[in-house]
Amino acid sequence: MSKPEFVYVIYIKTTAEKLWNALTDPDTNTKYWFGAHQESDWKAGSSWKIVFADGSVADTGEIVEIDPPKRMVIRWRNEFRPELKAEGYSRCTTQIEPADGAVKLTITHALDGDGTKFIAAVSGGWPLILSNLKSLLETGDIAVAVKK
Amino acid sequence: MDEVFKALADASRRSLLDRLHAENGQTLNELCDGLAMTRQAVTKHLGILEAANLVSTVKRGREKLHYLNPVPIHQIGERWIRKFERGKLAALSDLKRRLESSDE
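Those protein sequences? They're chains A and B, same order as listed.
Under this note's numbering, the first residue of the first sequence is numbered 1, with each subsequent residue one higher.
Under this note's numbering, the first residue of the second sequence is numbered 1, with each subsequent residue one higher.
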């Protein structure tokens, strides 16, 4: 297994359960994920996808590991940009740990094979998504409604 | 947020972040390599950067890999940059980069 290409950490004043719900509930997803949401039944081996607001499919994959509300690993491939899809599957690990009255959310992402385009694309998106998620959970509102 | 500014207010710590920006996921040995800082100084600076959440780490066997965590910097930007300004600011920094690197 290759080493993670990036490791993003954010501290959010909430509970692990509320954060887990925000990460897996499609309606909550749309509030901080630029209108997109994930679809899955959140069981190990189940299919997983991200769907844009217009209904088109952004990414697909499967749940590799899941341990609510602590950890999940998703096998993840882009579907809407051919040059990213060509780089194949990546592995996204989400980890939630208690941290002194808050929770520490760690997102790591690694590509199974070689390539740089997919990681470059997702590494730009995650900080925005995570900041929005933090704002949503801590204040009920988001900072940036649309990308760019 | 105070911790982030304090951590960034030091040239040695910024150079460590630059090294991680150039190559993410380095060990302490790799980070020390070619630096005019002692190993103890690098360890101390990394501790301050990690406490400010500017550096995140993962364990890999016996090694600890260090990553640049841009999330707090992004949050600082978001606090003072309005969304309509993003495009113009990106264009300006792109222009600056191109003009200043024109000798390459």
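Honestly, the hints are just simulated from the structure, not real lab data.
All values reported here derive from a predicted model rather than from experimental measurement.
Every residue gets a Cβ at the ideal spot worked out from N, C-alpha and C, and that includes glycine.
Accuracy of the hints is not assured; some may be wrong.
[As the list claims (entries may be wrong)] What follows is a list of derived Cβ distance ranges for each label pair: (1) 44(A) x 97(B): 41 to 47 Å; (2) 40(B) x 99(A): 26 to 32 Å; (3) 121(A) x 22(B): 16 to 22 Å.
Tested hints:
Between residue 44(A) and residue 97(B), the C-beta spacing of about 45 Å keeps the proposed range 41 to 47 Å intact. At about 27 Å, the beta-carbon gap between residue 40(B) and residue 99(A) stays in the expected band of 26 to 32 Å. As the Cβ distance of residue 121(A) to residue 22(B) is approximately 20 Å, the hint placing it in 16 to 22 Å holds.
Comparing the model with each numbered hint stated earlier shows that all of them hold.
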